[in-house]
Amino acid sequence: MEHTETLTESVFIKVFFVLLALTILTFLQPYLMSAEVAGTVGIQMFIAVVKTFIIGAYYMHLKYESAVFKFVVAIAVITLTIFFIILSFDAIFRNDVNDFFS
Amino acid sequence: MTRKTFYDETHTVFGHHENKLFQWIFSIDHKRIAFLYMIVMFVFFVVALGVALSMRLELFFPGEQLLTPDQFNQAFTLHGVIMVFLFIIPGIPAIFGNFLLPLLIGAKDVSFPRLNLFSWWLFLAGAIIALVSLFVGDGFADTGWTFYAPYSVNTNTNVLMALTAAYILGMASILTGLNFVVTIHRLRAPGMDFFKMPLFVWGLYSTAWIQVLATPVVGITLILVIIEKTIGIGIFDPSKGGDPILYEHLFWIYSHPAVYLMILPAFGVISEIVPTFCRRTVFGYRSIAISSAMISIIGYLVWGHHLFASGMSEWAKVVFSFLTFFVSIPTGIKFFDWIATMYKGSIVMATPMLWVVGTIVTFAIGGLTGVVLATLGITTHLHDTYYVVAHFHYAMLGGVIFMMFAAMHYWFPKFFGKMYNETKAKFAFWTIFIGFNLLWFPMFIAGALGMPRRYFDYLPEFTIYHQIAGVGAFITIFGILYMGYTLYKAISNGEPCGRNPWNATTLEWQIDSPPLLENFVNTPYIDFEPYDYKDGKPVHDLYDEIHKGR
Amino acid sequence: MEQHTNTGPEIIYDKAGNPHEVVDYNDDYTGAKLGFWFFLFTELLLFGGMFLVFSFYFYRYTDNFVEASSTLNIVLGGTNTFILLISTYFMGMSLINLKNGEISKAKLKIIITILLSIAFLTVKYFEWMAEIHHGIYPDSEILNAKESGIILYFGLYFTMTGLHGVHIIIGIALMIWILILMSGKKVTPTNYVVLENVALYWDLVHLVWVFLFPLFYIIGLGK
Chain A
1 MEHTETLTES VFIKVFFVLL ALTILTFLQP YLMSAEVAGT VGIQMFIAVV
51 KTFIIGAYYM HLKYESAVFK FVVAIAVITL TIFFIILSFD AIFRNDVNDF
101 FS
Chain B
1 MTRKTFYDET HTVFGHHENK LFQWIFSIDH KRIAFLYMIV MFVFFVVALG
51 VALSMRLELF FPGEQLLTPD QFNQAFTLHG VIMVFLFIIP GIPAIFGNFL
101 LPLLIGAKDV SFPRLNLFSW WLFLAGAIIA LVSLFVGDGF ADTGWTFYAP
151 YSVNTNTNVL MALTAAYILG MASILTGLNF VVTIHRLRAP GMDFFKMPLF
201 VWGLYSTAWI QVLATPVVGI TLILVIIEKT IGIGIFDPSK GGDPILYEHL
251 FWIYSHPAVY LMILPAFGVI SEIVPTFCRR TVFGYRSIAI SSAMISIIGY
301 LVWGHHLFAS GMSEWAKVVF SFLTFFVSIP TGIKFFDWIA TMYKGSIVMA
351 TPMLWVVGTI VTFAIGGLTG VVLATLGITT HLHDTYYVVA HFHYAMLGGV
401 IFMMFAAMHY WFPKFFGKMY NETKAKFAFW TIFIGFNLLW FPMFIAGALG
451 MPRRYFDYLP EFTIYHQIAG VGAFITIFGI LYMGYTLYKA ISNGEPCGRN
501 PWNATTLEWQ IDSPPLLENF VNTPYIDFEP YDYKDGKPVH DLYDEIHKGR
Chain C
1 MEQHTNTGPE IIYDKAGNPH EVVDYNDDYT GAKLGFWFFL FTELLLFGGM
51 FLVFSFYFYR YTDNFVEASS TLNIVLGGTN TFILLISTYF MGMSLINLKN
101 GEISKAKLKI IITILLSIAF LTVKYFEWMA EIHHGIYPDS EILNAKESGI
151 ILYFGLYFTM TGLHGVHIII GIALMIWILI LMSGKKVTPT NYVVLENVAL
201 YWDLVHLVWV FLFPLFYIIG LGK
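Chains as they are written, first to last, in the working numbering: chain A, 1 to 102; chain B, 1 to 550; chain C, 1 to 223.
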């Protein structure tokens with residue numbers, strides 16, 4: 001289960017600048033687009049997820065780890081996503097009157 | 001040739017001690033840590049049984065007998081908190097998982113032995129905080145073990161201490177789960193791939209994943225209630241726009257997987273005992289293994305069935321009802337596999353097997369009544385009645401705790417090198433089994449007729465059910481004490497037995513009873529199935545191989 | 001069929017005579033990393049639970065949340081974002097330095113990370129003080145008089161940035177501990193899993209902020 005060391009200093013610095021650019025983008029986004037709240041949230045979360053992938057793969061070394069590590073992280077993320085999805089069934093429809101059996 | 005066992009020597013975290021007590025409480029040997037858990041847990045189990053008895057006595061007649069209404073609320077909270085957080089959730093993994101996991105996979109200890117000891121110290125700390133909260137201020141929390149907001153925020157009883165205790169106990173659970181998952185991934189003996197592991201290990205593996213995945217959610221929930229109580233942020237306070245149902249969602253996102261935490265190791269115990277006492281390999285090994293993982297996964301999706309009557313949206317109720325029906329399928333698969341193993345096997349009705357057969361009956365009732373409760377049309381009528389109480393006691397007591405008793409009898413010879421009195425053990429089983437059914441079955445009827453749960457008093461027409469249950473309670477507790485006494489006597493006076501009195505196949509029976517400190521002198525290479533029997537006898541005997549050179 | 005050696009790893013042989021190494025739990029680099037990843041997992045779910053609560057109330061009180069967000073100080077919040085990003089750069093570089101044998105460079109980078117973390121906490125302190133001076137803090141009279149969504153927004157603001165801040169403090173303690181271990185030669189260019197794990201922890205702390213920042217500060221920006 002040993003991995004080859006391929007995260008070099010130069011890759012590390014390049015990733016830093018990518019993250020810096022993305023961070024600056026998060027500040028500019030509301031001024032570049034006059035999106036409704038939902039749009040802003042959507043784009044901001046998308047940028048955050050992209051940053052997460054980059055940080056996870058490079059800074060946290062996941063790209064170079066064995067399958068077990070990737071599996072563990074995937075399970076955590078999927079679990080959390082499922083909680084969001086199922087909880088939304090209550091959050092969104094809480095005050096609706098659904099009379100399925102009338 | 002007497003070898004030193006783990007009772008004679010140990011590794012400790014702070015270096016050498018002369019004092020025997022320090023050699024136990026600072027030991028990083030997984031086998032001694034199992035004992036440490038066992039002692040604390042059994043003490044609290046007896047306390048919780050006492051509290052239960054006081055409730056049954058109070059409820060023997062209508063009206064007030066020996067508890068005030070407030071004390072009654074504290075009693076069912078205390079009973080629930082101890083049983084759930086201090087006994088059943090740590091339960092089989094803390095005692096039998098800790099002792100047996102390394103033995104079953106051919107390892108010398110778990111991956112993180114010092115973390116293992118730290119888990120026990122956290123467990124002890126949580127237990128002591130919960131205990132202390134009984135005696136200070138306004139006494140123990142009176143919210144029920146579920147701590148529903150906003151009442152838990154507003155009551156003056158020691159909810160803060162109970163929440164803190166629960167949080168610390170959760171941390172202990174997380175660290176143990178983490179330890180077990182890494183151990184199973186890293187320390188299996190060479191040759192033992194995932195589908196050659198004993199099924200108890202599969203049970204522990206699925207359990208450990210739940211411990212790591214679900215417990216943090218209740219951790220943050222408890223922290224939020226603590227913050228709410230101390231600085232009033234308002235997230236569960238309707239007057240500030242907060243939503244109490246959100247609390248219930250967060251709480252049950254952990255607490256439903258928690259019941260799978262409880263039952264998966266118990267199912268693992270059944271999967272160990274059945275092949276041994278049917279003298280043949282288990283039917284459908286892969287389906288049992290994979291169904292453990294499936295229960296673990298699907299168990300995350302059903303928490304809303306605790307909120308059916310709380311005001312969720314209709315859509316949410318339909319989704320959760322469907323998912324709950326679905327989760328019963330993997331359990332059903334296991335039951336069919338075990339029964340198929342027994343069919344045409346040479347069944348030996350020793351005490352562990354007797355417990356397993358008893359559990360198959362009681363857990364089936366518990367599981368099926370759960371499906372009844374998942375049915376939307378009926379659930380509103382049965383919600384918060386004695387039907388629910390009977391359901392979860394059939395599942396938790398009749399499933400998990402019965403299997404803890406089975407495990408105690410099955411691995412007793414491995415822990416102590418002695419055998420208990422079989423007749424007395426069987427007598428204890430029958431007493432407990434009969435008492436159990438007398439205690440809980442009437443509650444299904446009482447609940448369907450409308451008897452509410454957590455109620456201090458009741459209408460006279462329910463009296464007969466409470467009285468039958470009361471008698472059942474006494475018989476059950478007598479049986480449990482008798483069983484404890486039988487086993488306790490056997491520790492000193494039991495018949496010495498060899499390393500494998502049951503003639504079983506798994507690795508723990510291929511080493512001495514009690515085991516050496518390092519378990520295996522030489523690690524065996526495993527290239528065979530865990531339950532390899534031929535004509536009723538084990539195929540492999542690795543004892544000499546493991547001890548060569550000693 | 002097996003050998004039991006006193007030094008080095010235990011090697012056992014299968015029926016074909018092939019050697020297999022038995023993993024020693026006292027010396028398991030992969031196991032140590034795997035165990036820490038599982039711990040990070042639990043942190044992810046801890047904060048994930050908090051984000052669940054946030055999303056729930058954001059959906060319910062969207063306008064209030066946007067309004068409250070616009071009152072936060074974007075300069076201070078933004079500064080912290082860059083401080084944290086730069087600190088993860090230094091933390092990660094320290095690990096690369098250590099693996100290359102450049103121990104003093106590694107230590108220096110850790111010290112810089114500690115200083116940046118203290119800067120983060122200082123900025124956060126000023127942000128909080130600004131709110132508190134305006135009478136905005138949990139259960140204050142001024143806050144309780146506002147609309148539900150605003151009350152909950154600030155309740156979540158103090159709780160989530162507070163919880164995040166606690167993790168920064170723990171991170172600083174871990175970094176100081178690592179420096180001690182490096183001085184005592186317990187963490188070396190060949191035995192660096194503890195530093196690797198602390199760097200992973202720090203990346204997680206950063207990741208939480210990556211989500212926290214836009215949800216609290218950006219949604220009200222420009223409004």
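Hint data in this document are derived by calculation from the structure and do not stem from the laboratory. Take these hints with a grain of salt, some might be off.
As the list claims (entries may be wrong) - Result set (DSSO-like, lysine-lysine): computed pairs, CA atoms no more than 30 Å apart in a straight line:
1. 548(B) x 537(B)
2. 196(B) x 534(B)
3. 146(C) x 33(C)
4. 186(C) x 99(C)
5. 63(A) x 15(C)
6. 15(C) x 107(C)
7. 186(C) x 534(B)
8. 196(B) x 15(C)
9. 186(C) x 33(C)
10. 344(B) x 229(B)
11. 14(A) x 63(A)
12. 63(A) x 146(C)
13. 548(B) x 4(B)
14. 105(C) x 63(A)
15. 334(B) x 229(B)
16. 70(A) x 99(C)
17. 63(A) x 124(C)
18. 33(C) x 196(B)
19. 229(B) x 124(C)
20. 70(A) x 15(C)
21. 14(A) x 146(C)
22. 105(C) x 14(A)
23. 4(B) x 70(A)
24. 14(A) x 99(C)
25. 229(B) x 146(C)
26. 99(C) x 185(C)
27. 105(C) x 548(B)
28. 15(C) x 537(B)
29. 14(A) x 33(C)
30. 124(C) x 70(A)
31. 124(C) x 105(C)
32. 63(A) x 186(C)
33. 534(B) x 344(B)
34. 107(C) x 14(A)
Stated by the list, open to error - Distance windows between CB atoms, simulated:
35. 100(C) x 93(A): 52 to 60 Å
36. 24(A) x 16(B): 56 to 64 Å
37. 35(A) x 150(B): 34 to 42 Å
Just so it is clear, the structure is predicted and the values come from calculations on it, not from any experiment. Every residue gets a Cβ at the ideal spot worked out from N, C-alpha and C, and that includes glycine.
- Message: Under the constraints set out in the numbered hints, which ones does this structure not fulfil?
- Response: 3, 5, 6, 7, 10, 12, 15, 17, 20, 21, 23, 27, 30
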